[in-house]
Amino acid sequence: MTSRIALVTGATQGLGTALVAGLAQRLDADDTVYLTGRDAARVETAVASLPATEAEVRGEVLDVSDPESVTRLATELERRHGGVDIVFNNAVMRVGPDDDPRAIIDDYAQVNNFGTTRVLRALAPLIRDGGRLIVVASSLGTLHFLAPVLHSRFDALPSLDAVDAATAAWSAEVRDGRARAGAWPGFINIPSKIAQVAAVRALAGQRRQSDAGRGILLAAVCPGMMNTPTSALWWDVSGAPSPAQAAGPLLSLALDPVKPDHYGELVRDGAVLPWRPAA
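Just so you know, the working numbering puts 89 at position 89 of the sequence shown, and the rest follows in order with no gaps.
Because the hints were derived from the structure by calculation, they are not lab data.
Each hint can be trusted.
Label-pair restraints from in silico Cβ distances:
id: 1; residue 1: S238; residue 2: D269; range: 15 to 23 Å
id: 2; residue 1: R58; residue 2: Q245; range: 23 to 31 Å
id: 3; residue 1: S152; residue 2: R208; range: 18 to 26 Å
id: 4; residue 1: A181; residue 2: T75; range: 37 to 45 Å
id: 5; residue 1: E44; residue 2: R208; range: 38 to 46 Å
id: 6; residue 1: E68; residue 2: R175; range: 19 to 27 Å
id: 7; residue 1: I104; residue 2: H144; range: 22 to 30 Å
id: 8; residue 1: D39; residue 2: A162; range: 28 to 36 Å
id: 9; residue 1: F187; residue 2: R42; range: 23 to 31 Å
id: 10; residue 1: E44; residue 2: P67; range: 19 to 27 Å
id: 11; residue 1: A183; residue 2: D256; range: 37 to 45 Å
Glycine is no exception: its CB is placed at the ideal position from the N, C-alpha and C atoms.
Let the hints inform the model, and build the full structure from the sequences given.
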């Protein structure tokens, strides 16, 4: 049996580290889990912090906001292993209540959105039969949280290029203040998460038939509210699960048999969250 290769982006803290730990505990001794992040020192510290695991954990620098960084690692993975079996795209730039969306939107979109589409473009061709390509998003990533007049901006987009164009247009409106005066939600996390799910749906539309024949799952996933310092800036999360607890359903999605209805959808706790509001 070929050794399995897994990779988690944005894995130097919180949910990302928990996903690496969970994968490394559940995979076999011949398997490898890549813990990635954009800061080499933090990657090294995160790897050293993990308990003993079955699979090998390897640290790699990956900055999803840098196209060359994404291409470089994808090339290396293909050279070393010939493909990848499990990918969690978890990299995220967090936003606080005091941040001015106009000032941060470019960096924010480069990580959360264009970073997502870069990872999908680079790693989808490397997913082996039976593999998983999973984007960590949010239950906010559906059209339910967007004004109906804006639904067409992200609905039924045919390609990742189209998703990038929609994201760029939204980002420009945030940057110059038009979004604040219009129908866009003030919390930029909402359109960002919708664009992430739209990216999964667009790629799934192109790959559905071939992936079904190869047993591949492409999906977005919502980990739910977690007790983290960033979430605590916005909400009372004292009773919320820890990142390690929240990782459980995500690991099941990556390691359990594929459920066909999950393909191309946003999944939370094993259930599909509808993309569009009920008619």
